[in-house]
Structures are given as C-alpha cells and as structure tokens.
Amino acid sequence: MMPKRVLYRKSQRGKMKGNATRGNTVAFGDYGLQSLQSSWITARQIEAGRIACSHYLRREGRVFIRIFPHKPVSAKPLETRMGKGKGEPEFWVAIVKPGTVMFEITGVDEPTAKRALARVAHKMPVRTRFVTRRHAVA
Amino acid sequence: MAQTITVTAQARSALGSRANKRLRDTGFIPGVIYGHKQAVVPVTLPRKELSTHLNRGAHLFSLAVGQMSETVLVKEVQYDHLGLEVLHVDFARVDLNERVTVTVPLELKGTPKGEAEGGVLQQIMSEMEVECLVTDIPDIIRHNVSDLGLNSVLHVKELTLPPNVKPTADEDQIVATVREIVEEAATPAEGETAEPEVIGRKPEEGEAGEAEKK
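Protein sequences, first through last, are from chains L and E.
At position 73 of the first sequence (counting the first as 1) the number is 73 in this note's numbering, and the numbers step up by one without a gap.
Numbering-wise, this note's numbering comes out as the position in the second sequence, counting from 1, plus 138.
Calculated directly from the structure, the hints in this document are not laboratory data.
Fair warning: there could be bad hints in the mix.
To be verified - What follows is a set of in silico ranges between Cβ atoms, one per label pair, in the way DEER data are often shown:
1. L:59 to E:245: 22 to 28 Å
2. L:74 to E:295: 49 to 55 Å
3. E:298 to L:9: 53 to 59 Å
4. E:164 to L:122: 38 to 44 Å
5. E:339 to L:122: 37 to 43 Å
Claimed, not checked - Derived DSSO-like pairs (lysine-lysine); straight-line CA-CA distance at most 27 Å:
6. E:340 to L:86
7. L:84 to E:340
8. L:17 to E:159
9. L:4 to E:340
10. L:114 to E:247
11. E:340 to L:71
12. L:10 to E:340
13. L:114 to E:251
Quick caveat, the model's predicted, so the values are computed rather than measured.
We put the beta carbon where it would ideally sit given N, CA and C, even for glycine.
For reference, chain L alone in the conformation it holds in the complex (with noise of 0.2 Å):
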C-alpha cells in the first residue's frame, strides 16, 4: 500500500501529537479496533492485518481498513558516511493517534469480530481495544 501520486517524495518526520479527532468512530462496520497510543503503522503492518484477519474469517463478512500509509519514510543505506544529503524514501506509513480506529468488520457476530480482531492487533505496534459501533441518538 502506497499513494499513486504525491506532491513530494520525501516527508520531514513531523510530530504525534494529542488524540485522534477524526476517524474515531466505527463508521463503516459494526466492530472496530482502536488504537490506544500513537505510532507509525508501516504498510507491511496494515498488509498482514489485513491477511490475519481475511484469513481468519475465510469468506465471511467483510474488512474495512480505515488507515493508509500517506508518509514516506526515508532511510540511509548501510555505511554510509553522514551527509551527502536525505536518504531515499524506504517505506510507507500511516500516521495513528489514540482513538483511531483502524480496522472495522461488518456481516459476522460479535464473539468473530472480537477474535478476528485480536489477530490484527497482534500485528499492531500499537495497544489497541475492542470497539463497537455507537448510534447517534441527535
């Protein structure tokens, strides 16, 4: 996972800070999980999520991934002296905050989506927790 187009190639490293304020409620499914910290979720990451939890649910339901990997990160290659200017960009990242909500499941019941979300969390470098959707009463 990666953008097709971007405007630039490479990205400063920019700050986390505060909580998520947008994208914190299950919108999509019925289940979701949620980050608890703020991280880089790497695009290999939210790839092996996604297989964990496709895998787990063979063809029932459906997966939505609520994330994607708009940050380059760059890197230097191995013994390379300092200097001679920014690595290339070595892979993609998605910017989590506490409170996002990451992963959502819709079409299978509830003791499923917990299970099949704990396999994704697994692949989190986050701590994560179960969430369901909540219906506005306004």
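Starting from the known structure of chain L, fit chain E onto it as the hints suggest.
Using the frame of chain L, we list chain E on its own:
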C-alpha cells in the same frame, strides 16, 4: 416509542473549558439547553445517570432545572477521543406536539436467503434520519431481511416504518445488499519498492539527467 426520562439538572454559572474540566472531575457533565427563542441555559447533569440513558438510545428528557421543568430533545452528544465518556450534551426545547427530525438506529433481523448462496449481508445504512412527532420517536427500526436473495438490494422505500414516521432520506437510497465478497488480491512485492508518481514533475527530466551522466 420514546419515553420522557426525568433527570435533575442544575443551572451552571461557571463557564469555559477549565470550569467544565473541574466539573467533569467531580462526576458531572456540562450541558446546554436552547431553542424556542428563549434564553440559553447552561446546565450541569449527573454523568452516570445521563450516560446510562444515552447509551440506551434515549432521545427525550424532562430536565428539572431548579423549580422549572423543560422537555428537551438531545441535539448533540460530544464524546472523548476514545468514545468512552460523554463530555457535553446539547438539548433543544421541544413541544410534545412538535414534529422533529431525529436519527434512529436501524436493525436488520434474520438471515438473508442469499447467504446460503455465498453472499454476505452488507448493511450500508445503520442509522436513519426520520421525521415524526416528539411522542412518536421510535427506539429502533427493525426490518426482516430473510427474503433478500443473492445480489438483491434493500431500499429505504421497502422498509416498514411505524405509523406517522417518515424517512427524510431519498426513497431509493440503499439500506443493505447481499453480495458475494471478492477478496482483494495481495499487493505485489515489487509494488512496495516502486515509487509513486510525483505531481508536477516531468518524467523527461530524470531520464535526461541519467542520459547526461552516461
């Protein structure tokens, strides 16, 4: 149908985020009552009691503020970033004979026929905006989907709603479908190393540069 729940509230004089934080630390929630061209009344509400009612999907409250009692409708509920705690509640004054627009949860019951043929029920709309009398607000709208076959679609117009309840959404809007899930192909390994296209950058430049180096 929605029942009026009586909650005792207190008028709130201390305003602002710091005062509200102090209030939340003591087990209360700040709220506000407005509407009907009357004065805006900031109130304090008991957190535990109100959260219980809101989690059960209560819409209509009778707030006893001092000696006054106001019938109000929940307009907006603010939650913290994890969606665990209620931070603030907006209430709008209503008349019991007034027609209002509210969001009501939509629950699909039964197992569709299409699931036996390999389909998966996908509920696209899980809550619905309806217009009805304050006293007629349904707690939940339930619809039986056991007749839905594979590749069939349930529209808003096909829902069985309680009397005097009208949906505000378009009649042809899709509520649920039964479709076969096509598994996404795993991203190719070589795709990870490839770079995305840079917007506004001419590809000739790079190629020309390489050619010059050679």
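**OP:** Any hints from earlier that this structure breaks? Give me their numbers in increasing order, please.
**Re:** none
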